[in-house]
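J.: Here is what each chain is made of, one letter per residue.
2 protein chains.
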Amino acid sequence: MRLEKALPILSWSREYNRGTLISDLLAAIIVTIMLIPQSLAYALLAGLPAEVGLYASMLPLIAYGLLGSSRSLSVGPVAVVSLMTASAIGALGPLSGDEYLAAATLLALLSGAFLLLMGVFRLGFLANFLSHPVIAGFITASGILIACSQLRHILGIDAHGETLPSLLSSLLAELGNTNPYTLAIGLPVLSFLFWARNGLKRLLLTFGLSDYSATLLSKTGPIFGVIISSVAAAVFQLDERQVALVGFVPQGLPALAMPELSQSLWQELWLSAIFISIIGFVESVSVGHTLAAKKRQKISPNQELLGLGAANIASSVSGGFPVTGGFARSVVNFDAGAETPAAGIFTAIGIALAAIFLTPLLAYLPKATLAATIIVAVLALIDLSIVKKAWNYDRSDFIAVVTTITLTLLVGVEAGVACGVFASLTLHLYKTSQPHMAVVGEVPGTEHYRNINRHRVITHDEILSLRIDESLYFANAGFIEDRIYALLEDYPHTRHVILMCTAVNEIDLSALDALESINQRLKERDIRLHLSELKGPVMDVLKKTDFLGQLSGQVHLSQHLAVSTIIAAGKKPDTGSAPDWSI
Amino acid sequence: MRLEKALPILSWSREYNRGTLISDLLAAIIVTIMLIPQSLAYALLAGLPAEVGLYASMLPLIAYGLLGSSRSLSVGPVAVVSLMTASAIGALGPLSGDEYLAAATLLALLSGAFLLLMGVFRLGFLANFLSHPVIAGFITASGILIACSQLRHILGIDAHGETLPSLLSSLLAELGNTNPYTLAIGLPVLSFLFWARNGLKRLLLTFGLSDYSATLLSKTGPIFGVIISSVAAAVFQLDERQVALVGFVPQGLPALAMPELSQSLWQELWLSAIFISIIGFVESVSVGHTLAAKKRQKISPNQELLGLGAANIASSVSGGFPVTGGFARSVVNFDAGAETPAAGIFTAIGIALAAIFLTPLLAYLPKATLAATIIVAVLALIDLSIVKKAWNYDRSDFIAVVTTITLTLLVGVEAGVACGVFASLTLHLYKTSQPHMAVVGEVPGTEHYRNINRHRVITHDEILSLRIDESLYFANAGFIEDRIYALLEDYPHTRHVILMCTAVNEIDLSALDALESINQRLKERDIRLHLSELKGPVMDVLKKTDFLGQLSGQVHLSQHLAVSTIIAAGKKPDTGSAPDWSI
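Top line first, the protein sequences correspond to chains A and B.
Numbering follows the UniProt record's numbering, in which position 392 of the first sequence is assigned residue number 392; successive positions increment by one, without gaps.
Numbering follows the UniProt record's numbering, in which position 190 of the second sequence is assigned residue number 190; successive positions increment by one, without gaps.
One thing to keep in mind: the hints can contain errors.
Any copy will do: because identical chains look the same in the list, a pair fits if it lies in one copy or spans two.
In silico BS3-like cross-links for lysine-lysine, where the CA-CA straight-line distance does not exceed 25 Å [what the hints assert, rightly or not]:
#1 LYS523 x LYS295
#2 LYS295 x LYS5
#3 LYS298 x LYS523
#4 LYS388 x LYS544
#5 LYS298 x LYS543
#6 LYS201 x LYS298
#7 LYS294 x LYS523
#8 LYS544 x LYS295
#9 LYS5 x LYS294
#10 LYS298 x LYS5
#11 LYS295 x LYS543
Simulated from the structure, these hints should not be mistaken for laboratory data.
Given the structure is predicted, the values throughout are model-derived calculations rather than measurements.
Sequences and hints are given; from them, build the entire structure.
T.: Structure representation (structure tokens):
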């Protein structure tokens, strides 16, 4: 059982049969056709030679197939991670082609190692600290950056930049040098791919194809763009018109080799590798979760770390760059009926065959076509509605998403994610440091106590019932203490303060000190401090201290019991009984 | 009123009379006598000439007196801040005396500016993020470092180090060079001061002094150590025996001047200035709080920032180093009967008189005496009981205190504080990311629902009542979602899941997404999702979304109503009524 959990292949390979084989093979064929242009394009986006995209789409799929826990995830180069790769290596300064490739493979190795380490130490939960607004904002901003960065290939100009302002100003400055031949290829392909996203399916439906086949076939649209534009480039000899073509691509499979472990390079790239790992992991896990849920399957985040870690190391040793589970390709894989990770392994074989037999045909492929593929793919990622949604919902979420988008666009991808996470954590801590507190009273005819400002409730002059809507910990202990003293000035007849602790999940040592000081100061003013509705785990901790002994009042099971006990005691002489926690 | 709040002097000066004048004058005399050796000693600890300690004890007291909100706080050089000053300037590498002093005054200026900024932007709450275990651990570790660093003056050797291991190894290596004459001064003074802490008061009591006078007079013990050891050094010509003496001290008041604003120095010191400001602020505010509470007075943290900021800038322009409100001196000031900040202003005058008239007498003061003063003062700060207390109380507090102490001793003061804060925040976030959740049932005969594992309660097979003991936010949204699905496997007959939200103080956008997905997946399995005991602020936010419309179950005012409504509905045909939030 444990071995099966560590090596998911053991569980699915046992139930493998002819039916699953056929499903997997069919899915593999469709994904392969979709992947060829995509992997070439993402290599281009990462600043690498086109064939590196193919290399990153072979071994990683097999490695993930052996270790990963998702049955539908398709691993390989993806847009956001390719952008981050380009950004990380770009920061090293100008490099030769070989140095650039060496940095990319090292980045994949470091990412893989980091993912494996996280998996071994079961740190998958760390991804939870990226909130949805941060992730959504980051993906959207990255999509905008990627789309803008690819415009230069459509226009046939040389414009670069890591940030939106530098990209746009560079594009504008070069606009006059637009190559009309490149544009004549780029624009039609772009239009075709846009149309293919919806129109191709409708067309196929009119040809009498089933909805299922039409959907899947329409996903292979890019390959037609590749074929037609390559033929056009060859026929019209566009290379003589300065149209950028992919050019010579080495035929065959990549040589396996450990990437060079230069220490200086290592030191410059490790932080970027961590960013790439985390973003890649989050993207992959969210896709994996979505697809698994549709089939009532499960994925294990820690197992995913191992699968993705192995995939990146496999990419590195086969001359590739960082990879992860992609959204578009995984959905196609799922829709095409992939039943097990074997589909990924078959896809790897398909890509390998393409690398052996089809690479000579890529010489005439215009880079504009690949750029168009990328632009159409990433425009689907851009969704600014999260900004409006967050604005309507909550100020903190809004600040987090705006911080992430703004910094990603203006400073860079790593700064964007880092500041987004920092902003969301800081805002969360800030909120919990100044918690909501409500004076409560009895909802007539029930045992329930609610906010006196929101409900018509019964209160008693000598009793101040206060609900603290937060755990008591160091960041809010002082705030709560001050707030109680301030409230006592508004309620001068108070003889009993009852803290209703329904929302108090923790009382740490700093908060205990604050409670002791509150108890002491109230005692000096002849006011008793009571606690009600303490939870079991909190009570367990308090029992280890002498606070309950010092407490001037009592601990009550419920707010209702607290109030009725105090009122009953007020009618007879005070006996100063000990804290009661009998039930 | 607002002006009075901004300038506290306006409120206390109005009620100033002969009685308060006499109290303040008396307190000022006692504090002055106590302060002379202390301020010389802390200048020595900070690595500065002795007179700088006097300079830092004049203008800062006046500046604080005008702006500060505490009536008893005594501002000036203190042990921990002096240590941090030495550590910050030591990190710049070897400096000449003038350069060192310039760095110290710049550090005071930067600290002052930072404190003022924090005050203007009302950021006093930031100090709350230092938990009590972190503060206690830091003060204890600093005390150990300070005491060890002063041993070299008692032994008359040259031993330095920023960390405990380097200090100790340096001390051990130099132990052979101990100067017997220095030791012959240092040890008796040290013993006298130790005895004076308790013994002197007892002796004075036997002489018939009142408890009050005996307590105060015993605090002036150090001045006798200063006088006697100076006389001994002069009489026996100890300077000829290589006993380190304070030597020439310029007579008179410091010249006022803006510190030199070297940009490179500025850039190297600003981070240290922030650390010094925050630690100084926290120390000062906690003393101020304690003393104010004894007289039912209040201090305002944001006003304190302004007062301390002004004090540091005043120190800087009068050739001093960073200052803050000190514990020992403030307690003496309070005990001596200081009624208003005028006592501080009188103290400043006393120190000024000392600087004018007494400085020639300091030439023969042995540094060993000052070191003994420091050692006795800081040993009172060392309290390792916090480690045991935290160990018994809670693992997180224990980790925070041990991290702080260990890193302060082994790496340095700034690393110690920074890692302590980081550890306590991380542990807090980690805990809230994996919240406690309890399956609850009805406590028989009441409307209360408690943990089924802790109480004998009534449950229903088709209803899973789940209390989530934490706000729902991005860091725990995924955890809670997984946990609910896992629980459903343990409770296979569940038809209704009720999330009891007594402890849910917030539902952020990420958590809302999780709730929507839980609702959707439960709906697919024909299980309804209900919410109970939602708080007003949370309900307000949810009403802005369409989640309540999608919810397969209802929102109930209380858990009890939720369960009874579901059971009642189970007995009649289901009407699929809309969410109910009528009460």
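J.: Could you tell me which of the hints above the structure violates, numbers in ascending order?
T.: 5, 6, 8 and 11
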